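There are 4 protein chains.
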Amino acid sequence: SWLHSSAALQQSSPPPQVKFFPAAEGVMLPTGSFKDRVAFITGGGTGLGRAMTTTLSQLGAQCVIASRKLEVLQKTAEEISNQTGNKVHVVQCDVRDPQAVSRCVDQMETLTGLPDVVINNAAGNFVCPSERLSLNGWKSITDIVLNGTAFITLEIGKRLIQNQKGASFLAITTIYAESGSGFVVPSASAKAGVEALYKSLAAEWGRYGHRFNIIQPGPIKTKGAFSRLDPTGVFEKSMLGRIPVGRLGTPGEIANLAAYMSSDYATWMSGAVIRFDGGEYVSMAGEFNELIKVTPDQWKIMEAMIRSTKGS
Amino acid sequence: SWLHSSAALQQSSPPPQVKFFPAAEGVMLPTGSFKDRVAFITGGGTGLGRAMTTTLSQLGAQCVIASRKLEVLQKTAEEISNQTGNKVHVVQCDVRDPQAVSRCVDQMETLTGLPDVVINNAAGNFVCPSERLSLNGWKSITDIVLNGTAFITLEIGKRLIQNQKGASFLAITTIYAESGSGFVVPSASAKAGVEALYKSLAAEWGRYGHRFNIIQPGPIKTKGAFSRLDPTGVFEKSMLGRIPVGRLGTPGEIANLAAYMSSDYATWMSGAVIRFDGGEYVSMAGEFNELIKVTPDQWKIMEAMIRSTKGS
Amino acid sequence: SWLHSSAALQQSSPPPQVKFFPAAEGVMLPTGSFKDRVAFITGGGTGLGRAMTTTLSQLGAQCVIASRKLEVLQKTAEEISNQTGNKVHVVQCDVRDPQAVSRCVDQMETLTGLPDVVINNAAGNFVCPSERLSLNGWKSITDIVLNGTAFITLEIGKRLIQNQKGASFLAITTIYAESGSGFVVPSASAKAGVEALYKSLAAEWGRYGHRFNIIQPGPIKTKGAFSRLDPTGVFEKSMLGRIPVGRLGTPGEIANLAAYMSSDYATWMSGAVIRFDGGEYVSMAGEFNELIKVTPDQWKIMEAMIRSTKGS
Amino acid sequence: SWLHSSAALQQSSPPPQVKFFPAAEGVMLPTGSFKDRVAFITGGGTGLGRAMTTTLSQLGAQCVIASRKLEVLQKTAEEISNQTGNKVHVVQCDVRDPQAVSRCVDQMETLTGLPDVVINNAAGNFVCPSERLSLNGWKSITDIVLNGTAFITLEIGKRLIQNQKGASFLAITTIYAESGSGFVVPSASAKAGVEALYKSLAAEWGRYGHRFNIIQPGPIKTKGAFSRLDPTGVFEKSMLGRIPVGRLGTPGEIANLAAYMSSDYATWMSGAVIRFDGGEYVSMAGEFNELIKVTPDQWKIMEAMIRSTKGS
Ligand SMILES: NC(=O)c1ccc[n+]([C@@H]2O[C@H](COP(=O)([O-])OP(=O)(O)OC[C@H]3O[C@@H](n4cnc5c(N)ncnc54)[C@H](OP(=O)(O)O)[C@@H]3O)[C@@H](O)[C@H]2O)c1
Ligand SMILES: NC(=O)c1ccc[n+]([C@@H]2O[C@H](COP(=O)([O-])OP(=O)(O)OC[C@H]3O[C@@H](n4cnc5c(N)ncnc54)[C@H](OP(=O)(O)O)[C@@H]3O)[C@@H](O)[C@H]2O)c1
Ligand SMILES: NC(=O)c1ccc[n+]([C@@H]2O[C@H](COP(=O)([O-])OP(=O)(O)OC[C@H]3O[C@@H](n4cnc5c(N)ncnc54)[C@H](OP(=O)(O)O)[C@@H]3O)[C@@H](O)[C@H]2O)c1
Ligand SMILES: NC(=O)c1ccc[n+]([C@@H]2O[C@H](COP(=O)([O-])OP(=O)(O)OC[C@H]3O[C@@H](n4cnc5c(N)ncnc54)[C@H](OP(=O)(O)O)[C@@H]3O)[C@@H](O)[C@H]2O)c1
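Chains as they are written, first to last, in the numbering used here: chain E, 107 to 418; chain P, 107 to 418; chain Y, 107 to 418; chain D, 107 to 418.
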């Protein structure tokens, strides 16, 4: 069965094109690009948030990471600081709670002042058929993803405006935010909401010196995402088969993109939505892409059949 | 000033093209198209919801309308029933409250059985600069629009699935759901969430006999929308100037579209998003559309200037 | 092999949800909706164009159909006229040739006067890996689809403007116009161009009384489309598996939608793009939709695995 | 009048937020990022193409630039080589002519071998009401933009496939490719076609080691674009007022983005479409964004009016 066919698939070697698409993990931007800058990253203790924090820290930023698990944050902060020599601060914060968000920004103001760079990366997600989804399940995801992002963004934004300070905001959404997707419906809905929020504010708050952009990642292996989206590991194999680049993304790659978008090199970028997925989305969405299975010999047969068609 | 210039504008007559675009208010579908069907419409007591209910009732449906204000619902129900001869039921329900939603669907099951047609039309909205928006303001809108739609849809959907009954679901969003818009940010975010919800379920629940579609209306004069979006009336004039068709939409027009999408004529439509806005969206979004102000004589000058350009 | 597995699949019965989605083939709009109207349909001799012509003719329109094969046109015209009692005119025209287009519109002016309804439906397409595509192959498709549509639209539009006459324009594109698709690349590119053309003119020519809309059909069985896109019949089976509604569309269904969009009931619709595909597009595009294969029992296992996940 | 109001506007100083968004003109990527790489840029002699060539050359690439005007190319090539120390080759080529394209690629193979980086940047455009557009005008733009891009891409792609060589392809389109826009209709249509072409090939040719991405620039002052799009200079002022970032883009900024997308740091990016426009698109498209004109005092009045609204 589909669920148990993973063993066989596990063996499969990566598709040949992977050799053309090596992942460059080194930091891309010039040293010191974020010197004297403060970066605030939600969910910065793990996965992609951790990778983005690491890169910004290496580039000179003072980082503040926030999420629920203080110990995880502290461990990550220490490890990154040790590696980069730049301070990483931690603030415990459940983004679903407006008061916690307010206290978190208070704390940041004390620690570092208001940020120059904000990355809304915290999220929750799990796969579930919608008819099995409880209203609590719905709220557990949308509260983190949509309300949490809004609370953080509005709280920091208002204070920046009052202080006449500019900033770059980045939100991490997903390739299914636009198309929607079954089986991750609360996440799809909330991430779509985040995209509208950021596009709206890009238009409205430019006059205050704020930019708002979005990355839509395709699959990048992190424990958080994969343990709740692909607990059996079957789905990963199937994704690989339809990613034109032939591999998953890496945290370092998204960190370089996020650093670029948050940097002075991108001050003219606002309201942008960048899909970063190895081509997976266009490959899934295009109606005839499954013809990739047709072999050259079969094409010859099919071409002959097409040529012999008469009339409409 | 912009806010006080409305008096002068009020006088302005409609643009000449309006004569080509008369609104057809009569019911479009064949008589009896919804005979023996049950239609459930949230916010069916006022505005667009009332218009859609009227049309479905005229076409033979038994309608159930639900919102907070029982008296408004009752008055509307009676008026429509009197007009069409078909029963319109009312259920008081605040869609933000999962338990109220569950009770509402219980009541409907008793009154009419589960519905064949569901229209998620209830919403809240008001204009506000985002830096003046309170977290309560944010939640008051997103709770109705996104959570309310999800609660209604999941509750009814699950029961339909259990009863192996098919249905058509329709959500009313807005033309700024995709692009986002400043000054209505909670609405933009929540409506974008609704669109993702409906596209997701279109894919996931087709197998249970359910279709999910979306209408994105442009401006249609209703008391509910205009009193909170354009309290001074200035904005309306400005909108008219950029709507290619030269007029606002009418409730009857959207009711015909909604009836079509909910009918057996559209059983092959699912996951569709229909913009219905007199062309306003494409007119705003296209970068060079403001050249519509250039007169024929000025074009001659500009063409001469362009022709005389040498090189790149 | 994939190509030869069709025999086995051929047997497969339609998915169970099809019973919820019967195709309504009768004419939807009120009798006489197009009385005293002239409708011009390219490619009206076959397939979808023929179906749209039939419906418009039944609704009272005088139709003019145009394409290359005069005999095919004549046969169709006669059959439709006999059925509906309304005259169907034919004009031979290769839409790739600007002079032929100009002569065609001359002829129409003589026969019926300028049209109230224009449907750009003529197209060419065939499947081919892009590395096997000749430049002639590229041009053979883009010349018909993009240039042909532009020539027809500009020629008729200019004359309507000169005569101060309004009209409804409709273009038939495809669900892969936005996403792109491998193996039908010239068609994807040209259809995307047509969509931009129509959205652009919706904004620009509203002031002249013109509306411009688009239908993106999913798979509807016609000889023209299927013989060149799915010569072996294998692809059809695979499409069925991912169409939420569980069946292909029918020509009558698209004819009803096209008639609505071209009618007075839709005078407020302009710049709209209506996907009509049984949900195929959202089903393909959503990243997690293949989890539809997971059985209820497997979900229980997966849910347990997800619940037992600790940490991010 | 609108056309003659430019003098007054000319005086206007940049909006205050510009101080938050300085353009970083230095090269972003690490030195040597394109060492031993060959980059082919159409229209590389002027404007944005010249800027992208300069940046790639500074980063170590051997560049080949191609367009119609040999002298312009030669002058540019010499200037860039002198500045960067890396060879810039020139090939005369009219991209509309398939045979010229084939000869051009022959020449490149001799000069440098097949490219690692391809940038399709050549284009033509001019503003014109569509009813004044001749069919020659239509073809002059679509032949360069759509056919030219296709010819270059297919010709190079096929040879790369035969040689089992990977490459990054980038196309420069525009923010109105998706929305369409009046008054630049051939450009809108052709650029939309280019986007579909690149998204299609991203899906189809990933297996051969090719990536395909797109930049949609907003307004960046170049002689080529502005002399034919805004001959009077009036439009520029009006654009500035709606760009959230408050300024036009610079060639250096787009060159850094293009270099990133073409580099090894972006090997996981394919099928992406990056809008780079200072936020102009979302600002135009969002229905309520013109409320930016409302002053804080007016908001107080409006809020009071909204609060006093009773009922729906
Ligand atoms: N990995 C992928 O393939 C992929 C693909 C598309 C999108 N994404 C997006 O990328 C982002 C990062 O995901 P990831 O893969 O790195 O997964 P992850 O490691 O699980 O990251 C999620 C982070 O969010 C934090 N978080 C969760 N709930 C929170 C709350 N209520 N308040 C504050 N913080 C909270 C978590 O920390 P605590 O538990 O300490 O609170 C955790 O650090 C997410 O937005 C995700 O949607 C990932
Ligand atoms: N009119 C336009 O120009 C326009 C444009 C774009 C989109 N739309 C959309 O069209 C739909 C209808 O709007 P409209 O113009 O007809 O405005 P409306 O008359 O104000 O309709 C809103 C309806 O929602 C109901 N509602 C609000 N909160 C509710 C709650 N918590 N629980 C249950 N029902 C609730 C209201 O009834 P109660 O007060 O009795 O609860 C009311 O009947 C909305 O989705 C709106 O976003 C309208
Ligand atoms: N069927 C589907 O599943 C499907 C799906 C998506 C989109 N579509 C679109 O629907 C439309 C109709 O397709 P169909 O399935 O009905 O296929 P069809 O029967 O092959 O229709 C194509 C029509 O275009 C005409 N045509 C082709 N080249 C022409 C030229 N140079 N000048 C004038 N007319 C020309 C043909 O007539 P002559 O040979 O006499 O010229 C024919 O009547 C097309 O735009 C197609 O792209 C169809
Ligand atoms: N600047 C902007 O604001 C802006 C905004 C959006 C998009 N863009 C896009 O950016 C790209 C560059 O534009 P630009 O502003 O740099 O304008 P530009 O300087 O006019 O560049 C156009 C280039 O295309 C070349 N070209 C034109 N026709 C050609 C043909 N038939 N064959 C080969 N080459 C041809 C020209 O060289 P020859 O004359 O020597 O052939 C010229 O070098 C274009 O794709 C444009 O659409 C620009």
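For the record, the hints were derived by calculation from the structure and aren't laboratory data.
In this text the structure is predicted, and so the values were computed from the model without any measurement.
There's no promise every hint is true.
Identical chains share a label here; the pair holds if one copy fits it or two copies do between them.
[Claimed, not checked] Here are the simulated lysine to any residue pairs, SDA-like style, with alpha carbons at most 20 Å apart:
{"id": "1", "residue 1": "K193", "residue 2": "E215"}
{"id": "2", "residue 1": "K271", "residue 2": "T328"}
{"id": "3", "residue 1": "K327", "residue 2": "P337"}
{"id": "4", "residue 1": "K271", "residue 2": "Q205"}
{"id": "5", "residue 1": "K416", "residue 2": "G272"}
{"id": "6", "residue 1": "K406", "residue 2": "R238"}
{"id": "7", "residue 1": "K181", "residue 2": "H195"}
Each hint tested on the structure:
In this assembly of identical chains, the alpha carbons of K193 and E215 lie at most 20 Å apart only when taken from the same copy (15 Å versus 51 Å across copies). Taking the closest pair of Cα atoms, K271 and T328 never come within 20 Å of each other, the shortest separation being 34 Å inside a single copy and 31 Å across copies. In this homomeric assembly, K327 and P337 come within 20 Å of each other (Cα to Cα) only inside a single copy, at 12 Å, whereas the closest approach across copies is 40 Å. For a Cα distance limit of 20 Å, the shortest separation of K271 from Q205 qualifies neither inside one copy, at 23 Å, nor across copies, at 44 Å.
Taking the shortest Cα distances, K416 and G272 never come within 20 Å of each other, neither inside one copy (65 Å) nor across copies (38 Å). Taking CA atoms no more than 20 Å apart as the test, K406 paired with R238 passes between copies only; the shortest distance there is 10 Å, against 47 Å inside one copy. In this assembly of identical chains, K181 and H195 lie within 20 Å of each other by CA distance solely inside one copy; the values are 11 Å within and 53 Å between copies.
Of the numbered hints listed earlier, those contradicted by the structure are 2, 4, 5.
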